[in-house]
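A.B. asks: Fit chains A, B and Y to the supplied structure of chain P, relying on the hints for placement.
Keeping their order, the protein sequence lines are chains P, A, B and Y.
Counting from 1, position 230 in the first sequence corresponds to residue 230 in full-length UniProt numbering; the numbering is continuous, with no gaps.
Counting from 1, position 148 in the second sequence corresponds to residue 148 in full-length UniProt numbering; the numbering is continuous, with no gaps.
Counting from 1, position 41 in the third sequence corresponds to residue 41 in full-length UniProt numbering; the numbering is continuous, with no gaps.
Counting from 1, position 157 in the fourth sequence corresponds to residue 157 in full-length UniProt numbering; the numbering is continuous, with no gaps.
Don't read these hints as lab results, they were simulated from the structure.
One or more of the hints may lead you astray.
Repeated chains share a single entry, so a pair holds when one copy, or any two copies, can fit it.
No farther apart than 25 Å at their CA atoms in a straight line, the calculated lysine to any residue pairs in the SDA-like style are these [as the list claims (entries may be wrong)]:
(1) Lys138 to Glu293
(2) Lys126 to Ala136
(3) Lys296 to Thr310
(4) Lys143 to Trp27
(5) Lys277 to Asp114
(6) Lys277 to Gln256
(7) Lys277 to Ser212
(8) Lys143 to Gln79
(9) Lys277 to Arg178
(10) Lys138 to Tyr127
(11) Lys277 to Arg184
(12) Lys277 to Phe144
(13) Lys126 to Ala166
(14) Lys277 to Thr30
(15) Lys138 to Thr288
(16) Lys277 to Gly69
(17) Lys126 to Gly69
(18) Lys126 to Asp236
(19) Lys296 to Pro316
(20) Lys143 to Glu241
(21) Lys138 to Arg83
(22) Lys143 to Glu285
No experiment lies behind these values; they were computed from the predicted model shown.
4 protein chains.
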Amino acid sequence: MSVEPIRDIAHLGHVELLTPAFEESLWFFTDVLGMEEVERRGESAYLRAFGDYELSTLKLTAADRAGPGHIAWRATSQQALERRVAALEESGLGEGWIEGDFGHGPAYRFSDPDGHPMELYFQTEKYRPPDHMRPALKNQPQKFTARGVGVRRIDHVNLQAVDIDANSAFMRERLGFRLTEEVRLDDGRQGAAWMNVTQKSYDIAYGGRDASGTGGRLHHVAYALDSREYVLRAADIFLEEGVFIEAGPAKHAVQQTFFLYVYEPGGNRIEMISDIKLLLDPDPETITWSQAEREKGQAWRTIMPESFFTYATPLPEEVGQQG
Amino acid sequence: MSVEPIRDIAHLGHVELLTPAFEESLWFFTDVLGMEEVERRGESAYLRAFGDYELSTLKLTAADRAGPGHIAWRATSQQALERRVAALEESGLGEGWIEGDFGHGPAYRFSDPDGHPMELYFQTEKYRPPDHMRPALKNQPQKFTARGVGVRRIDHVNLQAVDIDANSAFMRERLGFRLTEEVRLDDGRQGAAWMNVTQKSYDIAYGGRDASGTGGRLHHVAYALDSREYVLRAADIFLEEGVFIEAGPAKHAVQQTFFLYVYEPGGNRIEMISDIKLLLDPDPETITWSQAEREKGQAWRTIMPESFFTYATPLPEEVGQQG
Amino acid sequence: MSVEPIRDIAHLGHVELLTPAFEESLWFFTDVLGMEEVERRGESAYLRAFGDYELSTLKLTAADRAGPGHIAWRATSQQALERRVAALEESGLGEGWIEGDFGHGPAYRFSDPDGHPMELYFQTEKYRPPDHMRPALKNQPQKFTARGVGVRRIDHVNLQAVDIDANSAFMRERLGFRLTEEVRLDDGRQGAAWMNVTQKSYDIAYGGRDASGTGGRLHHVAYALDSREYVLRAADIFLEEGVFIEAGPAKHAVQQTFFLYVYEPGGNRIEMISDIKLLLDPDPETITWSQAEREKGQAWRTIMPESFFTYATPLPEEVGQQG
Amino acid sequence: MSVEPIRDIAHLGHVELLTPAFEESLWFFTDVLGMEEVERRGESAYLRAFGDYELSTLKLTAADRAGPGHIAWRATSQQALERRVAALEESGLGEGWIEGDFGHGPAYRFSDPDGHPMELYFQTEKYRPPDHMRPALKNQPQKFTARGVGVRRIDHVNLQAVDIDANSAFMRERLGFRLTEEVRLDDGRQGAAWMNVTQKSYDIAYGGRDASGTGGRLHHVAYALDSREYVLRAADIFLEEGVFIEAGPAKHAVQQTFFLYVYEPGGNRIEMISDIKLLLDPDPETITWSQAEREKGQAWRTIMPESFFTYATPLPEEVGQQG
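Isolated chain P (complex conformation) (with noise of 0.2 Å):
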């Protein structure tokens, strides 16, 4: 009989994103994305999507360079937490607790084999609406504002990393992600590994190999619509805004999510996503896309400039001003 799996983790909580450009980049999180403000500490704001069941999932914080400051996980109850905060240690990686911050409670930070910064907190504030932005229908956290592209909820993260198999590899064991979707290159090696901790088909993305050897980059953070449409409709108000596009509206062949990559002011690639699959089957089976299905491209052979490819934040060249 096969031991069942484990279900620590419930899924993102929140990412502390870096800016060097923080007035221009709260801009973009507020007035274009539609996000609100709730909280302002030190050189950070923290924000809110309408749908967002806790009280914050953007920490932005203005620093010297764009890229991520750390990504939080809640898990699932005091005693996941605590058998993940073992599991972390027993792995090296663990780093100690924190008191929390602001909307959650004690967290335990770690990081990947990669060099990310992460997080995983149990306790955590949900957010109660002021009367002005109390919802028409109490099942719903916040009211829906109706200023720009109006994002729901935080999706996911995709991280490079050098060795994509060690990452994917410590995630799974060390915190039990389901690996969905892969690309196996022909030298044996994982080009990209897509996991869950939800029913959604990933929470996480190991999207690319970071080339510079860099560690610790971000790929992108996605927030979620509803639709295709308002995915559309987000291109517009970027096109409006002068908000740069990189890729997109299209079609993810891994996957099959709609897309749109932009660069938020401080340089940082934020990406709307929609149409996320669920995944209620309990015994999965990974997909493997091999080197030459994967460059086949996106669903619809839609062109990808060559940046998509390579740029993460940080820079190289900033990290190295850094040292």
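C.D. replies: Coordinates of chains A, B and Y only, in the frame set by chain P:
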């Protein structure tokens, strides 16, 4: 050889709406519908949708009751205007020229037989956006601001009339409107009439009988959205903002348009519309619906509230109070 | 420290529908909804939607009246199945094992307190498409055939029950369903209950009281579409095909799903649904609607026909005829 | 006082396409696009979209190479037809009358200066559906069959030309087309021209220069869908059916239409289009894009394949083979 049709009226130019709740009505059209205020004169605000090519398509005027101020049609040329004025003068329903108003030149005033005040003009001022309203693409009059519903352009007016046959005949004979669809009651009278001057399948409707006998009453003014999804999104926004939704979103059997009816805070009914069909056939036959066919209701059997068939502005009792 | 929740049921597996008009019902599900028939055994046809990963999600069985044959749930593992069978046996509502059916292995039969026949199984056969049903993208079970409505996957069942409290408690306590939203009547009884086992916000509902006292009656089975526009398109198709549209398309206040209800030719109510929300929070609070809140109706004030609250299959008089 | 415009051409009537793969092309238009075959005569099939009011808008003719057979325009009246024939005869490009064809009466043949064969006619047969094609709503020409893509109506043709200035001038001066948008190259020549006769913002385009000098080549024929979502759905269907997708779905900067280009099996490029804008202004200014503006590409920076700028039917080498 048949006589060639009159093509002297280009399109619906603008509508003046009276409102006893000016500030709230202004909030509705600007913050909720996402229109822009381009001028304020006396008791009136002049508003435009982002796709309207003329300066303004809605004049909102403070008054002691709701209802139509006037309905203005743009002629296809100066000669066309003069031809129609001659025809109106002959009809006995012409009232004479006015000097013009914000955004357009001299206009000829008249009423339809039911007493709806109308105007005809040719000279107009086309919208030239200030810097902050400049669109990314020069083939669009104005930036799409992505605020609220985001209506694209004025579409049509729908009027009640005591005698629909008489009014639809007047619009056809004097102004060259074409009858595209109609309801013919069992007693032989016209129960409703939809007419166009453009290649949209209607620009004006006498949508139902004014059982009150008041005359000059407005059923609704319609603004167009690009697709059905945007009409659904409008309903979501009206729900959040506490705007009274009377009926829809749903699909009309007649004309097959997708509709959503609300009351703006001043009491006038406003329609959000999409999927108005093109009618490119130069010699189309009128579609006649029998009373029995009409009583089958909307396309998907949508149940309409009683108010939809009776409510129109001004209310009969208010007109009495005026006298 | 709280007890960790039961997670032994993976999802709704399939529903058996009885129909007194087998050929017409088959036409509805294949030609109108666009499902595929994958097997015929005795009086039953086995059908699937293009996105279903199991062989079949609908068993259509010729019978002398409409109604639910049985409702089957897939367990998350063999151990999970056995744990649930033990709990069902303890409840006194267990009935014993059957050998399996087309597409799945041994199943345990039981009834909820209201008498709806249910099954639980784990072993299943995943769909392997024949050549002409092979999809262009290997992460999709089957080719999208673009015939008719084109439903993607089975979504949920909605049942009437004489005693909703008793039935929702049974599903929660014996099977681990979670109550996501409910209506609580002024007299303290539960008026309706929505529960999930997946991260969709519901997988089963006891949507209303069975005032007839019959027991075991089905309100509807729902199939999911990707967006609201496809639900509107379904309504267009039902209109063309003469399928009886009872209510919608419109938006529920409870759960905020976008709905369209029709009767298949055998008399069972079928829902087209989109916009079912993800519920990723591992410790969500139940949303409780008071009787007064519920009486406000649907999100956009859509008027529902009386039949929506009373009609369910089998009809009480038919059940009497069976005796 | 300005001269009133010519309004003698009503709309694009039909296009004849030559195909060296007749059966495969027929499969594409009927099974994939969802059009109906209404007649077969000799080497030709006559097809219609469900919203076309005339009998047929596409004549598909077996031939030894792809390309345009002829392009036919319906006049607004018999007088209008005669006025245009007089103008064509004067131009020296008129060729004389033919008796008519399936679905329309006498037609006058001519070519534009680039050698594209065209026809002009007025008498037409309107579609009267047989019982199985009768729509549920009488204001629609034909039942919507919900098979495949489901195109609504013919929209426009896009032609290459060796000398765009000359061809656009011909269409304007002889036939009354209006230039709505154009590209003006740095050397002063017209790089592309979009013209309308209806209130859609274009009905014909000379979309680019024929660098091969061949003459008479077709860039594409476009069929219209109701919204962007249906263009996306078309891409999904083309992917499943193995139809070659060249570019899109994406948004043009010029005209802002939403496009998807595929090659039908015979080699002709076909466009799925939505969001063509209404142009109701009776005295619009032509929008002129400079070469630099045009080189910015599509609205959302979509990368177009090189073939989009060069490929047209017939291929130059095939025309050589004909000689």
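A.B. asks: Going through the earlier hints one by one, which of them does the structure break, listed in rising order?
C.D. replies: 5, 7, 8, 13, 16, 19 and 21
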